[in-house]
Structures are given as structure tokens and as C-alpha cells.
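Hey, can you piece these two chains together into the complex? The hints should help.
Quick note, the sequences are listed as chains A and B, same order.
Once you know that position 78 of the first sequence is 78 in the numbering used here, the rest is easy, because the numbers rise by one and skip nothing.
Once you know that position 198 of the second sequence is 198 in the numbering used here, the rest is easy, because the numbers rise by one and skip nothing.
Hints are supplied without guarantee of correctness; some may be wrong.
Simulated DEER-style distance windows between Cβ atoms [said to hold, decoys possible]:
| id | chain 1 | residue 1 | chain 2 | residue 2 | range |
| --- | --- | --- | --- | --- | --- |
| 1 | A | E348 | B | H136 | 56 to 64 Å |
| 2 | A | P263 | B | T665 | 18 to 26 Å |
| 3 | A | L468 | B | D628 | 43 to 51 Å |
| 4 | A | E348 | B | E54 | 49 to 57 Å |
| 5 | A | P366 | B | A608 | 45 to 53 Å |
Here are some chain A residues pointing at chain B (derived, C-beta under 7 Å) [unchecked claim]:
| id | residue |
| --- | --- |
| 6 | K160 |
| 7 | L164 |
| 8 | T205 |
| 9 | P222 |
| 10 | F223 |
| 11 | M225 |
| 12 | A268 |
| 13 | L283 |
| 14 | A287 |
| 15 | V290 |
Hints listed in this document are in silico derivations from the structure and should not be mistaken for laboratory results.
From the three backbone atoms N, C-alpha and C, an ideal C-beta is built for every residue, glycine too.
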Amino acid sequence: MSIWNTFLPALPEMALAVMSMALLMLGVFFRKRASDIVNTLALLALAVTAVLVLMTGQQGAIFAFGGTFVVDSLARVMKLLILFATALAIIMSVGFMKAERIERFEYPVLMLLSALGMMAMVSAHGLIALYLGLELQSLALYVLAAMNRESVRSSEAGLKYFVLGALASGLILYGASLVYGFAGTTGFSGIAQALKGGAHLGVITGIVFILAGLAFKISAVPFHMWTPDVYEGAPTPVTAFFAAAPKLAAMAVLMRILYEAFPDAAEAWRQVVAFMAVASALLGAFAGLVQRNIKRLLAYSSIGHMGIALVGLAAGGMEGLRATMLYLVIYLLLTVGAFAVVIAMRREERAVEEIEDFAGLASTNPGMAFTLAAMMFALMGIPPLAGFFAKYFAFVAALKANMVALAVIIVLASAVSAFYYLRVIKVMYMDEPKGAVAEMPFELKLVSALSVVFALGMVFWPQPVMQLAQAAIRSLL
Amino acid sequence: METLLKAIVFLPLLGAVAAGLFGTAVFRYIGGAPPQPAHDAHADEDGHQHFHYEGPRWPMMLTTGLLLLAAALSWVAFFDVVGGNTYKVVIAEWVRSGELVAQWALRVDTLTAVMLVVVTTVSALVHVYSLGYMSHDPHQPRFFSYLSLFTFAMLMLVTSDNLLQMFFGWEGVGLASYLLIGFWYDRASANAAAIKAFVVNRVGDFGFALGIFAAFALFGSIEFDPIFAAAPEMADRTMRFLSWEVPALELIALLLFMGAMGKSAQFLLHTWLPDAMEGPTPVSALIHAATMVTAGVFLVARMSPIYELTPFAQQAVLVIGAITAFFAATVGLVQNDIKRIIAYSTCSQLGYMFAALGVGAYGVGMFHLFTHAFFKALLFLGAGSVIHAMSDEQDIWRMGGLYQYLKRTWAMMLIGTLALTGFPFTAGYYSKDAIIEATFAAHTPLGEAAFWLLVIAAAMTSFYSWRLMFVVFHGKPRASRETLARVHESPAVMMVPLYVLAAGALFAGFLFKDWFIGQAEAEFWGQALYRAAHNEIVQAMHHVPAWVKWAPFVMMVAGVSVAFVFYLVKTDLPAKLANALRPLYLFLLNKWYFDEIYDFLFVRPAFAIGRLLWKGGDQKIIDGLGPDGVSALAAAVGRVASRLQTGYLYHYAFAMLLGIAGLVTWLMVGG
Chain A
1 MSIWNTFLPA
11 LPEMALAVMS
21 MALLMLGVFF
31 RKRASDIVNT
41 LALLALAVTA
51 VLVLMTGQQG
61 AIFAFGGTFV
71 VDSLARVMKL
81 LILFATALAI
91 IMSVGFMKAE
101 RIERFEYPVL
111 MLLSALGMMA
121 MVSAHGLIAL
131 YLGLELQSLA
141 LYVLAAMNRE
151 SVRSSEAGLK
161 YFVLGALASG
171 LILYGASLVY
181 GFAGTTGFSG
191 IAQALKGGAH
201 LGVITGIVFI
211 LAGLAFKISA
221 VPFHMWTPDV
231 YEGAPTPVTA
241 FFAAAPKLAA
251 MAVLMRILYE
261 AFPDAAEAWR
271 QVVAFMAVAS
281 ALLGAFAGLV
291 QRNIKRLLAY
301 SSIGHMGIAL
311 VGLAAGGMEG
321 LRATMLYLVI
331 YLLLTVGAFA
341 VVIAMRREER
351 AVEEIEDFAG
361 LASTNPGMAF
371 TLAAMMFALM
381 GIPPLAGFFA
391 KYFAFVAALK
401 ANMVALAVII
411 VLASAVSAFY
421 YLRVIKVMYM
431 DEPKGAVAEM
441 PFELKLVSAL
451 SVVFALGMVF
461 WPQPVMQLAQ
471 AAIRSLL
Chain B
1 METLLKAIVF
11 LPLLGAVAAG
21 LFGTAVFRYI
31 GGAPPQPAHD
41 AHADEDGHQH
51 FHYEGPRWPM
61 MLTTGLLLLA
71 AALSWVAFFD
81 VVGGNTYKVV
91 IAEWVRSGEL
101 VAQWALRVDT
111 LTAVMLVVVT
121 TVSALVHVYS
131 LGYMSHDPHQ
141 PRFFSYLSLF
151 TFAMLMLVTS
161 DNLLQMFFGW
171 EGVGLASYLL
181 IGFWYDRASA
191 NAAAIKAFVV
201 NRVGDFGFAL
211 GIFAAFALFG
221 SIEFDPIFAA
231 APEMADRTMR
241 FLSWEVPALE
251 LIALLLFMGA
261 MGKSAQFLLH
271 TWLPDAMEGP
281 TPVSALIHAA
291 TMVTAGVFLV
301 ARMSPIYELT
311 PFAQQAVLVI
321 GAITAFFAAT
331 VGLVQNDIKR
341 IIAYSTCSQL
351 GYMFAALGVG
361 AYGVGMFHLF
371 THAFFKALLF
381 LGAGSVIHAM
391 SDEQDIWRMG
401 GLYQYLKRTW
411 AMMLIGTLAL
421 TGFPFTAGYY
431 SKDAIIEATF
441 AAHTPLGEAA
451 FWLLVIAAAM
461 TSFYSWRLMF
471 VVFHGKPRAS
481 RETLARVHES
491 PAVMMVPLYV
501 LAAGALFAGF
511 LFKDWFIGQA
521 EAEFWGQALY
531 RAAHNEIVQA
541 MHHVPAWVKW
551 APFVMMVAGV
561 SVAFVFYLVK
571 TDLPAKLANA
581 LRPLYLFLLN
591 KWYFDEIYDF
601 LFVRPAFAIG
611 RLLWKGGDQK
621 IIDGLGPDGV
631 SALAAAVGRV
641 ASRLQTGYLY
651 HYAFAMLLGI
661 AGLVTWLMVG
671 G
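Isolated chain B, as found in the complex (with noise of 0.2 Å):
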């Protein structure tokens, strides 16, 4: 068992490597031709590029394998520790430096398993349809070997049995994401989204490696185990931060979940997951739904030990998700964008992840990051295949009526929609009213806030998603003739992952929602997630009244009643009610005028403050003073000196005798 988790963390590795070195230009053309240009592509009649890749083919073939492999592997473990089973692979020391001491080791348990099946899943899903949808990219060796680094950067997060281990795995996803938002490096918008991504997220990792120094001063560790001990015993200690006195457990989880906020682009650090459409689609199906931001939820399902100890933090999590499910979902209902909705959909889900992690449900929490990732993961790779067949076109009102066209991937965006939206039966109707329930179970003030929004939010999911539903696929086309002449149904490499997504969409939430939220729930977590001994979130979930559970149901149905009558029956509502509505449209259209405000507040003084260190500190004053300006004295000397050399016999004589007498002069007086 052992080496099959070994094996699993590391044949992505693996084929990372292979492909990233042996694939590439990397070792090709040392000391031999030059590289390609980095587009060999050539525009036909109507502006249409056509790329080529004639490259070895099995570099994505080994890192697919691979993957499937692991994730074939996943499972297996998946269903051991299910049987109730735990395991720690040491596999090597890391870090011994005085009392810091980090094993390198893989920590497998429920939670671990659960994450373990999802991703190296929906990696593997992502590998195969990738075949396809990249399958005229000329770099495509890199492309893989990024995907399956993210994978094993990922499965390190997990699997960690340390801070510093998870430190190394959040760093490392964080890298693939860069490398995979810009992976057209071309795109000066793609470099600009990877940079915004990766700046965006130093933020949080700065609150997630400040949280990790303080739990180091106040346990004296790192690993997860002497720290969940020691836990109770530390509630009362307090730590100086910033010269106050704070008590130490609720500092190191709020920084924690900083942490977490950056990576899972919660409420204010939420600005780069847009802009990280940028990205090929697939990245956006993989890691920007599915797995890498759903790292936040692990990190503090992870730490309820401590999470379950400190309330205020706790509050600090409920409310910023609920904020976060509320404040994206109404930005969402506005976007052209059809990869932009999805990701506002994402950003809102997330929240209601958060929101259940903040009433004290893990279970619960997880079990929607699990369904979350089948069927989001199956609306990202749907919109792909939209993309695919319109030429890279994205903006939703350029398509229409395409019903007739995809049938396939029509079908497949039904069923992912359903589930997002809740429909009954399927995986987000589990999981999600589950989280609605949760929040009114808590029967707190925040408690009953948080699930208004969250009522609230569920009917804008329901109206965007049916919204994206009716303008893409119903309706009238409205994308240009030869576009339309062009669409065309995707590959059976790319449809075959829609098919296995679609049956996780459908039937992940009833199938394992006994083991997450259900009878067999204390039973299947096992000591994976903790809960204090006055934490019954999960009894009282189930006697909340009825009308509370219906309420997700009907806000359903109000959604997507509002948007069947906005986009197919009176179509020119939506414009009329924007029209009158027009401020608040455009607050929402301009998602709430956060890119704006933040530019205002941090980029624009530190591009300030940038400018005035460059040209007044550096330029004026060091270069000034230091090299340009002793380089301009010496000049100015220079030309003095050869002035002197006027050319005149008289001068020069005069110089000599000047220069005589001096020395006599000089003698006499010194001398």
C-alpha cells in the first residue's frame, strides 16, 4: 500500500519531467539549431490562425498514461481507507534545523483520500481531453508536462504531513498556475492575468507563511500531529502580534485562512481567478475549479483542530464565505464572458464551501469540493468544447442556437448545469442544500445571515447558469455565417471525459452522500476531521424545518423561471431592465469596481512609490552622485584638461615657466 502511494504522488512527477525536459526544445537544440519561432502559424483568407504541431507525440501520451495510472491507483486507495485505514509514508527527513524538524511524508487519511481522488480524477480526465483540445498547439510537450507538475504539486498539498510540506505544495501549485495562465506567453493579456494571479496570491501565502512561523513559535512544530495534540491545551495562550496582545490560536488561524483566501480567490483576494481565463481551458476545468482552488477548503478542513477551537476565526471563514458565494454570484449574472461565468460561479461555490467550513460542517464542505469538481470541472471542458467548435469565440452573445449544432456537448452543459443549480437528485443538489441547511442549523446571528445569502445566492446561480444555458445554446444564432459553417462536435477524446464527468455530476451526490454527510459520516472521516464535543452541526442539520429545506428548490425553479422568460420569451427585457437599472448594472458588470478600487489603493502607489525610488533614489541620487555623476565629473575634467591645450607655442612655453616657478616656489616656502 505504501508504494502505491508512493507511486501515485510521483508518476506524475515523473511525467512532468520526462515531458518538460526530453519532450521540449529543452534539450533538443543545446548547441544545435535555433528554437522555433514560437508561432509557426499562418493566417488563411478570413484572419483564421492555424497552428501545426509536428513534434514527438509521446510526450503527451506518457504523461496521460501516467495519470490514468494514478488515478486508477487513486481509487484504490480511496476505497482502503475508506475501509478505515491510515497511513504515513515517511519518505524522507527534510528539514532538521535545531527544534524545526519536518518529516517529508505522505499523510493518507480520509481526507486526503477524498482529495486524492479528485484530483489525480479530474487530472486525468483534463489529460485526455486536453489530446484533443490542444492537439494543434505547437508547444504541446510543455503544456502536459506543466499539467501533470501542477498534479504532483497538488497531491504534495494533500498529502502533506507538515506546514512546510504544504507550504511547498501551495508554492508549487501556485508556480503551475503562473506557468499555465501564461502558458501563451505571447498574449501580453495572459502574461499580465499570470502575474495578477501570482502577485495576488503572495498576499495570501504572506498571511499562510506568517500563520506557519507563528504556530512554529507557539507548539514549537510544524507536523500536524504534536500540533492537533497540543491544540487545547494552547486556547488561552496569547501572542504578541503588531503590539497587540492577541490570543494565539485565532491569530495563526486567521492567518492560515489568509491563506486560504488567496489560493481559493475568496472575498477581496478574489480579483485574479477571472483573469485567469486566460488560461487554456482545460487549466481552467483542472485547476482553477476543480482542484488548486479548492486547496483554501482542504487547508481548513485540515486544521479543524484548531478551527474548531477558535470561534471568532471560525466566524471570520463563515462570513467571508458567505460574502464571497453572494458577491460573485451577482457579478456572474451579468458576464459575456462564457469562461468568465463559470468563474464567478466558481468564486461563488467556493464561498458556500467556506460558509459551511465556517459553521463548524466539514463534512459538509468537502463533500461539496467534491461534487463541486465533477461538475464544474464538466462545465469548464463543456465551454471548452463551445470554444473549440466556434473558432475561440467566448462571448456568449456571438453564439445562439447552437442546440442543433452540439447536441453532445449540449447535453453534457444540461447535466452540469443541473447540478450546479441544485436540481434534485443530482450531485449539487446533495451537497449544496446541504451547506444551505448547515448554515441555519448553526443558529447564530452570522448563522442566519450567512444562509440568506446563501438562499439568495442560490437563485442568481440557478438564473446565470440557465441564463448561459438559453443565450448559447437557444435562441437564434448569432455568430457569423462561416463561423457557423465551421462548428463542429468535438472528438470522441474530448467528449469521452465530458461522459465520465457527466456521470459524476449526476450520480456522485447520491452515491456517497451517506459517507460525507450521512449516517455512515463519523465512520467514514474517522479522525480526519475533528469536531468538539459541542459541535452538532450534522444533527441539527436535520431537523431544520421544512421550509428551509425547500427553499434552495425554490429558488431554483424562481432562477431559472427568470431566465427562461429573459432570454427565450421576452427577450428584450434583460436590456429594458439594465437600461433602467443602469447604475447597478454597470456595479456588477464592472464586478463591483474591485479591479479599480485596488488599482487606486496598492497599484498606483506602488507603482508611486516605485517610480520615485527608480528616479529620484536611484537615477537622481545613487546614479547621480555615484557612477553618472563621477563619470560626468571625470568628463568635465577631461575636457578642462584638453582645453588647457590651446594649440599656442606661448601658452605652452608660459605653462613650463609657470610650472618652474611654482616648483622654486614651492621648495623655497616648503622646503
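Extracted from the complex, chain A is given alone in its bound form (with noise of 0.2 Å):
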């Protein structure tokens, strides 16, 4: 009975490590055609994990492995999302790695594993879990990253993020020495227990290198380098995977740990935090003005999302951190949707990935047109499309918590962001049409569908994503 009740809280995590090994085994076994058959089982993989998921505990937080490992409302909210963006993931990549002779029945399975690797994250409780949880997505995102071997480009993007990765696993290992040096434990608990009464300056050094580690995940600014190239390299579902899950979680781990490890240095890390929401906005706005790749834009303006998401940290408090989880939800679903029209542009049978490569597109498909200008409106948050609530309560918490000037910077920011995305709507729909783009695959046209129903229709029905941002941090107050 102590065994079940130990391993019962990472039963997801367990079934899905062992159905992903089955699937590695079953791919060797079947080589032809393995990679539709892997396709379809490791969807079913998920999904028999969200039951899962949805199955262990409905209430409170339960303890598992010394208390090391948390399931709580944060970790189960987390994990679907995790769930869901890979599941997407999944669905938009089949189409192009056929198209790309790049179909491997691995592809699948490391995203599986990769997501693994989150699930673990978010539900680590103790710095040690985190660094597991950590390295086994980073491990399957450098994987995935060079995927395609063919491609300089890909394999560059590869190498770098895994070297740049390597580094930011260095700086979150000396970060938790440092931490375990001065509190005398690893467990999330006994580090606040033990920094009660205010931290040393050992300590906040300590914290400063986690802080780093985690931020090269979410790519903030000045731990974002990586983010361009590998965004462009990387093949672009792929590209779209990197924008959506791994940055849930690693924000998911970011409030954990702040918020339970670290309590009693929060006068510290919030002004790193608020550091790097700033630098992040100001420069994914700036820097994207003067890009030609719709990936490297995605990517910047990803860094300037990322950027104001951490707005709701440096804030802090209900109204903060609700508003950070709201940002994470309806960012991942439009970047999803965004990508899902980048994926889909196709000129005889090579991907166009150059923002002129649009041109025209609202008169030669006026579908995959007006999705991605949807999205671009949403990404910059005009109202009444679902961006703008994300930005609304970002700047709402700002202004509560007195962080006038972060308020402002972020507006500003969002004002010079919104030229790149108009220009990408002007190119669409004003210029001459470049030639005709291949039709939109079933599953991306859902996948978009999926997107602009949300980005369009939220502001009706906002009720259940703010419920699920609301349930989401409750753990955390």
C-alpha cells in the first residue's frame, strides 16, 4: 500500500515513459510505415496520459517521493496544457515531415519523451526532480531540433541549442549548489523553511543562476541568443513546439520555485524579473521590425511575449500570476494557429518561409490569409481578439503591484511590436500575389480553425480560460 501510495501521484508520468519506450520498439519493429502507425498510437499515448492526469487526485496537493514530487492544481493544469500543445504539435508536424522526407517513427516518441521531461518539471518539488524533469526535455528538444540531418541549418540549430542548453544546465546545477550549500537541503519546503528571515547574499547569487537557467528556456532577454537561429533551422513544426510546450512548463517551474522555494528573497528576484520582462519586450519589438523570415519574427515575437508573460511574475500577487497563466494559455494558442499557416506555406513543393513569400496570399488563399492575419491582430492584442485580454491583465497587474513604468515600457513595447505584425497582414493582403500556395492540409486547417474560433471568440466566452488560469495558480497562494 505505501509503494501504490508513492508511485500513485506519477502514474502519468510512468505510463507514459513505458508507453513511449513500447512505441520506440514498436517502430523498430514495423520500419515501413512505422512512422503513421507511431503517429497515431503516440496521440493515443496522450491522451490515455490526460486521463491519467485528470484521474490522480482532484483536490489539494499530494506528496510523492520524499516530497520531492508535487501533484498539485499548478502541476495538473500544467500538464494538460503540456498534453494538448504536444498533442498539436504531433498533429501539424505529420503532413510536413511526409512532405520533407524527413518522417521518422523517433520524431513522435521525443516529443513524447520531451513531454515527459516537462510533466516532471512542473510537478518537481525539490531541485533535483527539477534538473531530471529538465534534462530529459532538453535532452529530446536537441533531438528534435536537428532533425532534420539533411539540413546544415537544422543540425547548426541543433548543436547550438544543445551546447547553449549544456550551459544553461551548468548554471542551474551551480545555482542549486549554492543553494544546497546555504540551506542545507534540496526540497522546496525546507529551502523556504530555511531562508526565512532573509537570504544571503550566497543564496540570491544561487537563485540569480536558476533564475538564468530558466530563462534560457523561456528565452528571455539576455538568455534568449539561441531562439533566432534554432527557431529558423529547426523544422518548423518543430519551431512550433518550441514556442508552445517547453516554455509552459518552464514558466510553470519558475512560479513553483519562486513562489516555494524562494518567498522570503522575492524583494531580489523581482527586480531580475522585472529586468528581463523589460529587456524581453523592448527587444523582441525592436529586433523584429527589421526581420525577413516569418520563423525569426515568430521567434522574436515570442521573446516579447515572453517578456510580458513575466510582467504578471515580477507582479506577483492573484492578480499577477493569474494574468502570467492567462498570457501562457492564450499565447500558446495562437502561436499555435500562427504556425499552423507557416507550416502550411507550400510553392511547388518546397516550404516558403520569407515574410515577401506571403505576398497576395489573401487573394490566392484567402483561408490561410485571413487565419494568420487573425492571428497577427490577437498576437498584437487589438481588442476584442483574445490578445488583448492577455495584455490587458499583464498591464492591470503591473499597475496594481505600482510597477508604473513597467506598465508603460510594455505598452510602448506592444506599439512598435505591432508593425511587424501589420506588415505581415499589408504583405498579405496589399501586395501582389507571389503565385499560388499549396492547398491547407485537413489537420492544419484544424488545427487554425481551432485558433481563430479562440482568438475570435473568447471575448464571448472568457469564463473558461480564466477559470483554468484561476485553478492553475491556486496552489501557489
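Here you go:
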């Protein structure tokens, strides 16, 4: 019974791990047409895992493995979102990978393993568990980035991500060892206990190192440098995955560690988070102005958006955390919709990803143009689209926390970034068509329809998203 | 009677709205087919364009019919008012704001009644004439709508009971004038002329508006009756204007006269009138000869109770009027465009009218306005008939010998010329000679000077009018054979209005002279015109020396004789004279260089200031520091930020380490 109690909370992770490895073997056995079967089964595995997540405890926080693993509302909501984002990424990949002739059965399996790592991360309640999850998802992502072995850019992206990711891991480990050295424990609750009554400078240094490592994952300035290169080099569906799931997981971990392990060092880390928020929002806005490649553009867009999401974290409190969570959910759906169009952009059997290639898309493929335009307007934050609410709540949270300068800067940064979103729309709707693009595959239509409905419909029915965000942060307060 | 007066004013408006909204493409193409191209013309072999009109004919018929009705009603009203009645028909209260109250009322006394018959009669005849003249134009409904709109605005002006209502009509006719000068909007010159007319009139209207403000400031009212009643008490009041203390009434009179100068194309503000000939010829006849340009004369006559109290302003009116009469006549001597000759003639005759007003002979001025409307409209429409016959040729030196082709038009132009030059017993003989006598009878130094200017101008009038007749209708034909082959007499619909106007030009003076300026004068005008007790100009006019009475006739004969010799007997004389007096000839040909002087004094500095504010102020400073500067800065920042993205792994790693070092340092120092 005690063993059962110990393992039960981790049942979804364990199930996913087993299923991933089973799929790996299945792929080897089938060889031909393996990827189709594995893709389908991977989606099934994600669904099963989601069901298990829903089944493991409905109330309160359940601890396991000696308090280093926790299942609370934050973990549950984040896990569901991670599984959902992973499923979307797999769905969006199918056609693209086939067209690029890089479909391999390892691909969905790697995605599953990465998702497993993320799930472990968001449930981690100690520095060691955190590191384990982080490394698992990172290793899978390194391989995914280099998935297109024939392509120099893809390989370069994978290598860059790997080297810099290793550096980030090193930073986290160093920070963790510092914290452990001062707190005498690696558990979050223990650390919080030990730091009561003020944090030593050594601990603060450790916190900054851990923050830096996690900032790397959400590509916050100045740890963002990999983002544009990797976004551009990696196969587009992988980029879409990068933009969605890992950011959710890393942000959730940031929330948890800052609020559960270092609440008493808030004075210190609040400044760091605020700095990263401002720097990311500004850099994302300005550097995006001169981009020609849509994937690089979306990379800077994601840097900027993560900056604004960090505003809520810096502001803190119920308002702030809910704003961040809301931002993550909305951004997830919008960025997936945008990538669905980018993935579908194929002309003469080749993927095109320069912004100029979108010229006149409105006349050659109005559906795609409309989808992308809706996503661009939403990412810009034009009311009444979903993106407006994301920015609005972040803005209000900053004001409530008396961070007026922060609020003003993110509004100005949003105004600057509006230029590059609008330029994409202008190119699509006002420029001379460059020639027909391929019809959007069914699965991408599905994903983009979901995003469009969400972007346009949230204003009419905001409760589910608001409640989701509210539920996620409940365990932190 | 009140209903009848309302009908006179509103029938043209009804026609204008109906033809403008439902006769043109305004409603026809809403949500439907695109409008037709502006010109669906095609050129035949020798380059002549042919226009077609395929739209409905009812807009033209409706507006013309309504105008004919209004004209008939106006004559009824005229004879009723002459019988001694005056009317004040309140239509609505227009403005009530504090002390400012303006009724919308029709004030009909003799002065208004005279204007009513002039305006509606000429307008109705021009409508009829245009049925023929514009019959090929693809945009006829719009043209007739504008004509009727103009007529309505002019009627609002002449029936006004307060300065504000007059200003409404004043601006309304300005608008219609602008629209009609630029009627052929695909011609750059027509657009330029329309804008010029509008802008030059702005200068005068600015004065008019200031005059209204000053009147309100002084009298606390802008309605005529209170102003006229209070004016004598206000004669000694002064007012602060541009830091000077000036006599208030003089100021108001001068400002109002400034408005009159603009509208009536008087010296200094005359430059727009010749250019306005870019509009269709019927427009020139109606607006730029018979009616709108006389609005200034009407204004001064209407405000006679003020001008009688302001000797200085009266002298200004006299001086400007006399100079205009002389100046425009000199320019008219050498012009070569048939319409421009008549336009300068109009300008000159308006000067005569103002000269009469300037010596207090309001009835005489109005009489000339009345007769001038007939013979000048006749001349313009006759010129239109010639132009029509000559396939849109306007240069008199490409005509010649048209007498044998256009006998009836020739006869009409002859009548117009006789009337204009003051041939005995025609309309001009009574009215123009009366003005000349009146200036002499004023017995003031300025009056004397004006007298001589007007007498000389009479000779020049005779010369340029006959020059036009001789060059156009006599001598050898100078037009091309093809053009001559096509020359044809105008259709009846164009000729009948000419006959009517010719009758007016011949008999209007003789028939109405007793009422306007003769024995029945005081009774005729009643309260409409005011003359101070010391003003005995009308009596004095009858006692001028015989040589004064004969002077205009002698001048007329001299003018026609010289023109006869120059253009029919010794046809090489004009060229020799022009060569001998080349600077003078060029000076006149270039209209005393007014356009050039204004271009140098006002237009170019205005452009320079505009360019400075545009390029320097707006583009460099506001855009440069504002939108453009910020966006350039943003783009520059963006380039720098993306240049940081070198692609080198060690740069990226370095940035991360630098970042963490910076953050730790910040917390160590700051925290």
C-alpha cells in the first residue's frame, strides 16, 4: 500500500514513459509505415496520459518520493496544457515531415519523451527532481531541433541549442549547489524554511543562476540568443513545438520555485524578473522590426511575449500570477495557429518562409491569409481578440503592483511590435500575389480553425480560460 | 402676394434640388454600375470632338419651366411693388444667440423688386438659351441644377432682410459661380479660374464679414431696419480697429464696400472676372455680366442710409468705381478673345455703376444695373452664338466676315453694341449718360475727375465694342475653310432669348427712365433708397451744361469712327500703332500686369511660406522628430538588436555569462 501511495501520483509520468519506450520498439519492428502508426499511437498515448492526469487526485496537493514530487492544481493544469500542446505539435508535423521526407518514427517518441520531461519539471518539488525533468525534456528537444539531418541549418540549430542548453543546465546546477550549500536541503519547502528571515548573498547568487537557467528555456533576454537561430533552423513543426510546450513548462517551474522555494527573497528576484521582462519586451519589439524570415519574426515575437508574461510574475499576487497563466494559455493557442499557416506555406513542393513569400496570399488562399491575419491581430493585442485580454491583464497587474514604469514600457513595446505584425498583414492583403501556394492540409485547417475560433470567440465566452488560469495558480497562494 | 414671393424664391431651389439629385448620376449609380466616364466624346478626322447626351431630358425642362414661372411671377411682383406696396415675409427664425437675432425673411421693396425681375428674367432666358447651347454636353442636368441653385442664392441675396442672410446668399452665389466656372472640370484652366475666383472673392468676403461684425458691435443688431434707424445717431461714434480709433460708420461702410469690390470685380480685386470666362458662355452671361457681379452695387444701394452718412467711404466708392471704369476699358482695347473683351467691358460698366453710387445717385446706378443686365447678357449670349457657330473658336482674329453667315446674330450683337455704347434712345444712352452727368453734377473735385475718366472710358467703350463688331462680322473671313463650311445660325431656342434681350436693350431705358431717374423717381423708389437732405444730385443732374450732356455722345461717335478707320479702312494702322507704342500696348495687353504683380506680391510669398511650413515645419521638425524620426530610430534600434545576433555560438554563450554576471553584480551592489 505504501508503495502504491508513493507511486500513484506519478502514474501519468510512468505510463507515458512506458508507452514511449513501447512505441520506440514498435517503430523498430514495423520499419515501413512505422511513422504513421507511431504518430497515431503517440496521440493515443497522450490522451491516455491526460486521462490519468485527470484521475490522479482532484483536490489539494499530493506529495510523493519523500516530498520531491508534488501533484497540485498547478501541476495538473500545466500537465494537461503540455499534453495538449504536444498533441497539437504532433498533428501539425505529420504532413510536413512527409513532404520534407524526414518522417521518422523516433520523432513522435522524442516529443513524448520531451513532454514527459516537462511533466516531471512541473511536478518537481525539489532541485534534483527539477533538474532531472529539465534535462529529459532538453535532451529530447536537442535531437528534435536537429531532426532534419540533411539540412545544415537544422543540424546547426540542434548543435547550438545543445551547447547553450548545456551551459544553461550548468548555470542551474551551479545555482542549485549554492542554494543547497546555504539551505542544507534541496526540497523546496525546506529551502523556504531555511531562508525565513532573510537570504544570504550566496543564496541570492544561487537564485540568480537558477533563474538564468530557466530564463534560457523561456528565451528571456539576455538568455534568448539561441531562439532566433534555432527557430529558423529547426523544422517548422519542431519550432511550433518549441514556441508552445517548453515555454509553458519552464514558466510554471519559475512560478513554483520562486513562490515555493524563495518567497522570502522576493525583493531580490523581483528585480531580476522585472529586468528580464522589460528587456525581453523591448528586444522582441525592436529586433523583430527588421526580420525577413517569418520564423525569425515569430522567434522575436515569442521573446517579446514572454517578456510581457514575466510582468505578471514580477507583479506577483493573485492578479499577477493569473495574468501570467492567462498569457501562457492564450499565447499557446495563438502561436500554434500562426505556425499552422507557416507550416502550410508550400510553393512548388518547397516550404517557403520569407515574409515576402506571403505576398498576395489573401487572393490566392484567403483562408490561410485570414487565419494568419487573425493571429497577427490577436498577437498584436487588438481588442476584442484574445491577445488583447492577455496584455490587458498583465498591464493591470503591473499597475496594481505599482510598477507603472513597467506597464508603460510594455505598452510602448507592444506599439512598436504592432509594426511587424501589421506588415505581415499588409504583405498578404495589399501586395501583388507571388503565385499560388499549396492547399492547406486537413489537420492544419483543423488546428488553425481552433485558433481562429479561440482568438475571435474568447471575448464572448472568457470564463473557461479565466477559470483554468485561476485554478492553476490556486496552489501557489 | 406673400405666397407668390415665396414661390419666386423657392421655385429655382426646387428645380436645382430635383435636377441635381435625381437628374444626375448622384442616386442613379448608388450600389450599381460605375459612373460614365466624364467625356464619352470621340474626335472626328479634323480633331473636333463630338459630345453626346443620352440621359433624361426632364431635368432641363423642369428647371427651365420653373424659372420661366418665377420670372413671370417676378414681373407681377414688380408692378405690385411699384404700385407702392412693400413686403416683409418672415419664413422662419434663423439664428437666436444672445443678442444676435436673424430672421429668415423676404424683404421686398422697389430695390429688391428691380433685382427680382433682373435676376429671374435673365436667368430664365439663359436657361432657355442653354437648352440649345448645352444640348450636346453629357452633364447637362448638373449644369441646369447649378444654374438654378445660383438663381436661388441670388434671390436669397436680394431679398435679404439682414446682413447675415445677405452673406448667406453672397456665399451661395460665390459657390455657384465656382461650380459653374469649373463646370468643365477636366480642363486645368477652368479649375484654376474657378479657384482664382473663389480665392479673390475670399479677400472681399473677409471685409464683408468684418463689416457684419462691426455692424453688430456698433448697433447690436444685424437687421436692416434697426441699423438704418439707429445710423444717424451713430455718425459720431468711433471704433477701435487695428489699434486706430476710426469713425465707426465709415469703417463699416468701407468694409462692406470691400466685399462689394470682390464680388463686383472692382479695381484691385478684378483679376478673377476675365478668367471666369472659362465657364460656359451662358454662365458668363448670367453670373458674370447680368446678376452676380452686380451684387456689390446692390449691397451699396441697399446700405444707402449708411453711405449717406459716410462721405469718406462714398468718395472711396466713387474713386474705385471711376478708376475701374477707366482701367478696364483700356485693357478691353487690345484684348483678342471675344469673351474677354466683353468681360472687361462688364468690369468697366460696373465701375460706372459704383461711380454713380459714389456721388449719391443710387437710382442712377441701379438704373444702369437694370439696363446693363439686358444688353450685356445680350452681348454675351450673342458671343456665345458666334462661338457656337465657329466650333468653339474665341479668338476674334480667326473670325471676320461672319456678317453674311450669321445675319440674325449680327443684328443682335449690333443692338447690344449700340446699347452699350450709348447710342441715342437705346437703354445705355439713358443710363450711362445719366451716370456721367451725375458725376459732373456732384460738383466736387473728385466728381470732376471721375467725370473725365468716365467720358474717356465712354470713348474707349465705343472703340472696343465696335472693334469687336468690325473684326468679327466684317472684313475678310480669316477662319479656316472647314470651320466656315460648318458655320450655321443658331437654333430658335437660342435665338428667341436674344430677341427678348434685344427688346430690353432697345426699350428698357426709354420705358423705365422716368421711374428710375426721372420725375417719378422719388415715388418709385420710396423708402428703398435713402438720400440725405443735402443730397440733391438728381435735381442737379438736370441742370448740367449742354456740353456735358453732349460729351458722351461725341465720345461714342469718336470711338466708333476710330474703330471704323482702324479695322475697316486702313487695317494696317492698328499694327503700326501697336509697334510705335509698344510698351503701352504690352502694358494694356497684359492687363496692367496685375496678375504678375499679385503673383509676385501674394501668390509666391504664400507658396514660399507654405513650402517653408510644409518642408521645414511639418516634414523636418514635426515628422522628423515625430513619426518619421521615431520610426527611423525604431528601425535603427532593431538593426542594432538583430546585429547582436551574430550566429556565433561563443558570442551567445558570452552574452549569457555577461548577463548573469551583470545581474549578480546588480543584486550585490543594489541589494
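The hints, checked one at a time:
| no. | hint | result |
| --- | --- | --- |
| 1 | A:E348 x B:H136: 56 to 64 Å | holds, 57 Å |
| 2 | A:P263 x B:T665: 18 to 26 Å | holds, 24 Å |
| 3 | A:L468 x B:D628: 43 to 51 Å | holds, 44 Å |
| 4 | A:E348 x B:E54: 49 to 57 Å | holds, 52 Å |
| 5 | A:P366 x B:A608: 45 to 53 Å | holds, 50 Å |
| 6 | K160 | holds, 6 Å |
| 7 | L164 | holds, 6 Å |
| 8 | T205 | holds, 5 Å |
| 9 | P222 | holds, 3 Å |
| 10 | F223 | holds, 5 Å |
| 11 | M225 | holds, 4 Å |
| 12 | A268 | holds, 5 Å |
| 13 | L283 | holds, 6 Å |
| 14 | A287 | holds, 4 Å |
| 15 | V290 | holds, 4 Å |
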